[in-house]
Amino acid sequence: MSNQSSPKKHLMKGNEAIAEAAIRSGCKCFFGYPITPQTEISAYMAKRMPKVGGVYLQAESEIAAINMVYGCAGSGVRCMTSSSSPGIALKAEGISYIAGSDLPCVIINVQRGGPGLGGIQPSQSDYWFMTRALGHGDFHALVFAPASVQEMVDTVCDAFDLADKYRMPAVILADGLLGQMMEPVHFPEDYDFNKNTEKPWAANGHGNKRKHNIINSLFLQPDVLEDENFKRFKRYEIVKKNETKAEIDIEEDTELLVVAYGSVARIAKAAVDMARKNGIKAGLFRPITLWPYPEKELQKAAEKVKKVLVVEMSMGQMVEDVRISLKSRIPIEFHGRTGGIVPTPAEVFEKLKEMDGDDNA
Amino acid sequence: MIMPSYTIPKALCDVPTHYCPGCTHGIIHKLIAEVIDEMGIEGETIGICPVGCSVMAYDYFACDMMEAAHGRAPAVATGIKRGNPDKFVFTYQGDGDLAAIGTAETVHAATRGENITVIFVNNATYGMTGGQMAPTTLPGQITQTTPYGRNTDIEGFPVKICEILSQIDGVALAQRVTVIDPNTIKTAKAAIRKGFEYQKNKQGFSLIEVLSTCPTNWGLSPVESLNWVKEKMIPYYPLGVFKEGAIR
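These protein sequences, in sequence, are chains A and B.
Okay, so the first sequence: first residue is 1 according to the numbering used here, each after it adds one.
Okay, so the second sequence: first residue is 1001 according to the numbering used here, each after it adds one.
It is worth saying that the hints were derived from the structure and are not from the lab.
One or more hints might be untrue.
Below, simulated DSSO-like cross-link-like pairs (lysine-lysine); rule was C-alpha separation at most 27 Å, straight line [to be verified]:
| id | chain 1 | residue 1 | chain 2 | residue 2 |
| --- | --- | --- | --- | --- |
| 1 | A | K199 | B | K1010 |
| 2 | A | K211 | A | K241 |
| 3 | B | K1232 | B | K1160 |
| 4 | A | K47 | B | K1202 |
| 5 | B | K1010 | A | K211 |
| 6 | A | K281 | A | K269 |
| 7 | A | K327 | A | K245 |
| 8 | A | K199 | B | K1160 |
Label-pair restraints from in silico Cβ distances [what the hints assert, rightly or not]:
| id | chain 1 | residue 1 | chain 2 | residue 2 | range |
| --- | --- | --- | --- | --- | --- |
| 9 | A | M315 | B | V1015 | 49 to 55 Å |
| 10 | B | G1040 | A | Q58 | 30 to 36 Å |
| 11 | A | R132 | B | P1235 | 51 to 57 Å |
| 12 | B | S1221 | A | A133 | 45 to 51 Å |
| 13 | A | A346 | B | D1086 | 40 to 46 Å |
| 14 | B | E1197 | A | V52 | 30 to 36 Å |
All C-beta atoms in this analysis are idealised placements derived from N, C-alpha and C, irrespective of residue type, glycine included.
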């Protein structure tokens, strides 16, 4: 990589673009453990980090890697780890501690099929895991769902800033397809490691200038722990209010609204275009943040539509957020492929034709 | 003759601790704090607490502190140290934390030669949860989960951490000490100081294993507990230096 910033474009794999974007976002330390299909992130970091004065370290396990992130983040340093579905499951304990200690960090999940060892092909079956239960206890992480290599870069940059701003972990939820695909991207200006925001709470040595800082998620008194959780959820309300993001592609007369995220949104877009050419009034709603979910944006986009189709590479997980958002006011159908099978635009188009036909019958 | 007065080290907070009467955690805390004071490094030090009896040590040390998940302290320490290579980082861990659930983190921090200092408090039991079998529980030792005594045919053998670490190239210091009388306390303090010195000079991973007492869960008086260390633990866990020397 050259040090030139935009508008110069680079042709890169999604995984490599994530790594470069992290470095340019001031990620000083990366702790990883190999797992397909995200290994290019580690390989890129191993090559680049020593050149820019950063740290690349291969941990002995995903558990160790996330705990290295916990320590590093607790000392006030921007840091990141990446893995794929089964590896993220191993990180769940550490992520809970990170959230419970109000620490910022970025976690990349390049999803593969599950459950268990599953497969190594693309999947979106970690939606519930990322948005509902990323670890034990009451907490959330910011969850971004990029749909292109460029958006992987953009969301990584946002993730670091917002994680710092709200003192919470941020997840980039990609999949094997996005991780492996190559597209032209441009990067923001190089980041100065020392320019990171002030972190007066960090445990990085008090220098005999202040009382000791304690990074901790243990609160044995129930009222104190409850208060900690109340405070955290007040912060989440602000996040929900300010940080939702979605791309909306609808027209005045859209009748069928497709909801999809990540790589599947690209496939859904192709299907919507096919439908429009065939006289079907279809549109697309693509959430970019999965937590917080762009509920209001979806409600507005669905105001005039007759039916909604949710497409996912899972047995149907995000569809629940669509039902919650729209309060099942209009029919919501689901089309999903799983196990590493990527749906084709043609099959989504067929589904749209079917739904349109039902309507006109 | 002027008698030296008893002082509390600056690196220890002047607060009551939750430790049981007769437990040697207090002595070990004090030795670490004295070393930090003598080296003048409190402002540059970050300590990491384990899950176990010393889980709340973050309230007792005056330096910056972090609480780690069970067994993960060496990984947490690695994260801090790699991000802040000029700061001092130590972990304070018990036997269940370090030698059972955290074995991988211990061994791999050692293999990497992380410039950290690990204080390993071995009292042959899980104290905080009420005295269950630890990886270091002696053969025949009665605990809540070995009510008929640890049967090595069923529960296997105790883990000897210093002996294991002595095989690892990244280790600058692996030393076993105890704190049962003034002489052993002096040796223990010197070992802890050595550990911090290796760290200061970026010379590799150091672990000081301290044979400690648990009068509450052993069902012994504090004095009987000190004798138990001497008569039962030391024969199985011999004191001494198992590996020493700068690795870089």
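- Message: Between the beta carbons of E1197/B and V52/A, is the distance compatible with 30 to 36 Å?
- Response: Distance hint for E1197/B, V52/A holds at roughly 32 Å.
- Item | Cβ distance range 51 to 57 Å for R132/A and P1235/B, holds or violated | 53 Å, holds
- Query: Given a hinted range of 45 to 51 Å, is it respected by the beta-carbon distance of S1221/B and A133/A?
  - Reply: 48 Å, holds
- Task: Decide if the proposed pair is consistent with the structure: K211/A and K241/A, CA atoms, cutoff 27 Å inclusive.
- Result: 35 Å, violated
- Message: With the threshold set at 27 Å, check whether the alpha-carbon distance from K1010/B to K211/A stays at or below it.
- Response: It holds: about 12 Å lies between the C-alpha atoms, which stays within 27 Å.
- Item | Outcome of range test on Cβ distance (A346/A, D1086/B; 40 to 46 Å) | 59 Å, violated
- May I ask you to test the hint 30 to 36 Å on the CB atoms belonging to G1040/B and Q58/A? About 35 Å separates the Cβ atoms of G1040/B and Q58/A, which means 30 to 36 Å holds.
- Message: Check the hint pairing K1232/B with K1160/B against an upper bound of 27 Å on the C-alpha distance.
- Response: 15 Å, holds
- Query: Are the Cα positions of K327/A and K245/A separated by 27 Å at most?
  - Reply: 20 Å, holds
- If you draw a straight line from the CA of K199/A to the CA of K1160/B, is it 27 Å or shorter? Roughly 41 Å separates the two Cα atoms, so the pair is violated.
- Query: Can the restraint linking K281/A and K269/A be considered satisfied, given a maximum Cα separation of 27 Å?
  - Reply: 13 Å, holds
- Would you mind confirming whether the straight-line C-alpha gap from K199/A to K1010/B stays at or under 27 Å? Given that 27 Å is the threshold and the Cα spacing comes to 25 Å, the pair holds.
Hints 2, 8, 13, counting from the list given before, are not met by this structure.
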